[in-house]
Amino acid sequence: MSKTLLVFRREFAGYFATPLATVFLVVFLAVSAGMTFFVANFFDRGQADMNAFFLWHPWLYLVLMPAIGMRLWAEERRSGTIELLMTLPVRPWQLVVGKWLAAWAFAGLALALSAPLWITVNYLGSPDNGVILACYIGSWLMAGSFLAISACVSALTKNQVLAFIGAVVAGFVFVMAGFDLVLAAVRPWAPDIVVQAIASMSFIGHFQRITDGVLEVPALVFFISLIVFALWLNVQALDARKAA
Amino acid sequence: MVLVETRALVKRFGAFTAVDGISFKVERGEVVGFLGPNGAGKSTTMKVIAGFLEPTEGSAYVAGHDSQLDPVAARQRLGYLPEGAPAYPDMTVGAFLEFVAAMRGLSKPTTRERLGELVERIDLAEVWGRRIEALSKGFKRRVGIAQALVHDPDVLILDEPTDGLDPNQKHEMRELIRTLAPNKAIVVSTHILEEVEAICTRAIIIARGKLMADSTPAEILARAPARDPAIQQLVRTTPLEDAFRHITLESAGS
Ligand SMILES: Nc1ncnc2c1ncn2[C@@H]1O[C@H](COP(=O)(O)OP(=O)(O)OP(=O)(O)O)[C@@H](O)[C@H]1O
Ligand SMILES: [Mg+2]
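Taken in order, these protein sequences are the chains called U and X.
For the record, in the first sequence the residue sitting at position 37 is 37 according to our numbering, with numbers rising by one throughout.
For the record, in the second sequence the residue sitting at position 111 is 111 according to our numbering, with numbers rising by one throughout.
Isolated chain U, as found in the complex:
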């Protein structure tokens, strides 16, 4: 079996070794349901769609994805198993991808558990299921981006709490990038191209285009490129620690 897949399997099983996995899944479902029904008034909207559900995902993931990703490397470094893992005859990228895939699959599982909501929406009305599917894919890719960033930060420390905080801060930059507040702060002194570049990194902007059901291909490409880049950085971070 491929080395990446072996790492994936071990890491994925690792999530279920403690009650933490169950706690996480329950929290994810409770919070996303709470936001959908109470904050976004799912029923009062009187619309057969799931926008009220997806609307909050960037904010939800900002905290929950670092919680999934923080242990990926920090825990290995703390317990010393990283020494074992990194002296096996495998390439670092195989480890990096395997670990990220496990976290991403776990996030996918959490997302999949929201399926009853999708069924309910179909029961109550006739939503555009194509758009909902696109939203799920977009949401999952955005989760993957948050996780790739978290994994990368996790490779820099042996302290899970630091890894968590670092990942939330890094994620926050990407979430806030599109807000006028941020752009207004940059605009007076930065050239236009920089302002546009910052605006184009916005998680919320890209995710909104996906939930609106228009123009989703560039948004998907954005998330995928970001994942690839963060995983590449993760490999570099591991390499840099070797020379430290």
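Hints are not guaranteed to be accurate.
Here are some of the chain U residues that sit facing chain X, going by a computed Cβ distance under 10 Å [as the list claims (entries may be wrong)]:
{"no.": "1", "residue": "Gly14"}
{"no.": "2", "residue": "Ala17"}
{"no.": "3", "residue": "Asp49"}
{"no.": "4", "residue": "Leu84"}
{"no.": "5", "residue": "Leu85"}
Listed next, the in silico DMTMM-like pairs over lysine to aspartate or glutamate satisfying Cα-Cα at most 20 Å (straight line) [said to hold, decoys possible]:
{"no.": "6", "chain 1": "U", "residue 1": "Lys242", "chain 2": "X", "residue 2": "Glu133"}
{"no.": "7", "chain 1": "U", "residue 1": "Lys242", "chain 2": "X", "residue 2": "Glu83"}
{"no.": "8", "chain 1": "U", "residue 1": "Lys242", "chain 2": "X", "residue 2": "Asp70"}
{"no.": "9", "chain 1": "X", "residue 1": "Lys170", "chain 2": "X", "residue 2": "Glu98"}
{"no.": "10", "chain 1": "U", "residue 1": "Lys158", "chain 2": "X", "residue 2": "Asp70"}
{"no.": "11", "chain 1": "X", "residue 1": "Lys140", "chain 2": "U", "residue 2": "Asp128"}
{"no.": "12", "chain 1": "U", "residue 1": "Lys3", "chain 2": "X", "residue 2": "Glu98"}
{"no.": "13", "chain 1": "U", "residue 1": "Lys158", "chain 2": "X", "residue 2": "Glu54"}
{"no.": "14", "chain 1": "U", "residue 1": "Lys242", "chain 2": "X", "residue 2": "Glu54"}
No lab work stands behind these hints: they were computed from the structure.
Beta carbons are placed, not taken as given, at the ideal position from N, Cα and C, and that holds for glycine.
Starting from the known structure of chain U, fit chain X with the ligands onto it as the hints suggest.
Just chain X with the ligands now, with coordinates in the frame of chain U:
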């Protein structure tokens, strides 16, 4: 045939030099005892040989492969027990060893055969299904050793393999190393000096990152200072301990 080699290895952590220009070679059939006081740089040297750390200067070779430039080939030939025998606490002993074997590219039948042998040799049968976090220190160490041996490597780098083992297991471990010795190059770090006399064909002593001695245990014994019969020893020492103290304390300039 030289299976392990370090050439003028230097490893610095910031301004601190942990390993300071260490060169040695280990041939097939040799068991080299790697000695030195705490903080001498033994584990750091081993980490560099295993390719976990990058040397600041110099290079390390495993079976002729540079452990930085050709890491996968080097690691294929290497069995490595890191300091403290780390292992995934949430896995069972069996699952962990099977994971390592699979990561090393062993087929299912080979894995079964190798693990069957090792379980008997290292006495792991009774803990096979137990989670690693629930193991005693000695059993954890044995799992670490099994992990290093699973692919029957040419080169073994063992960082304190007998630390935490009971006297019977220490004896078993020494016998195991002796039986493996003819076909491998083995480097073992240890603080137990009798171990060196019992199993090592050669001893390397380092202190403060510098190589202080590299010769047979007998030659090292010869460096023990003459005892003054007039001085009554409060704590009795062996001649090898005297030699070790003499060689390593001399480096500290005291
Ligand atoms: N990652 C690191 N960062 C900074 N200093 C380090 C690091 N790793 C080791 N050192 C220092 O390098 C020196 C050598 O450590 P090393 O672990 O190699 O010693 P050792 O000979 O194995 O000692 P012991 O017998 O206690 O196991 C020590 O002073 C240690 O504090
Ligand atoms: Mg050590």
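Q. Which of the numbered hints are not met once you compare them with the structure shown?
A. 3, 6, 9, 10 and 11
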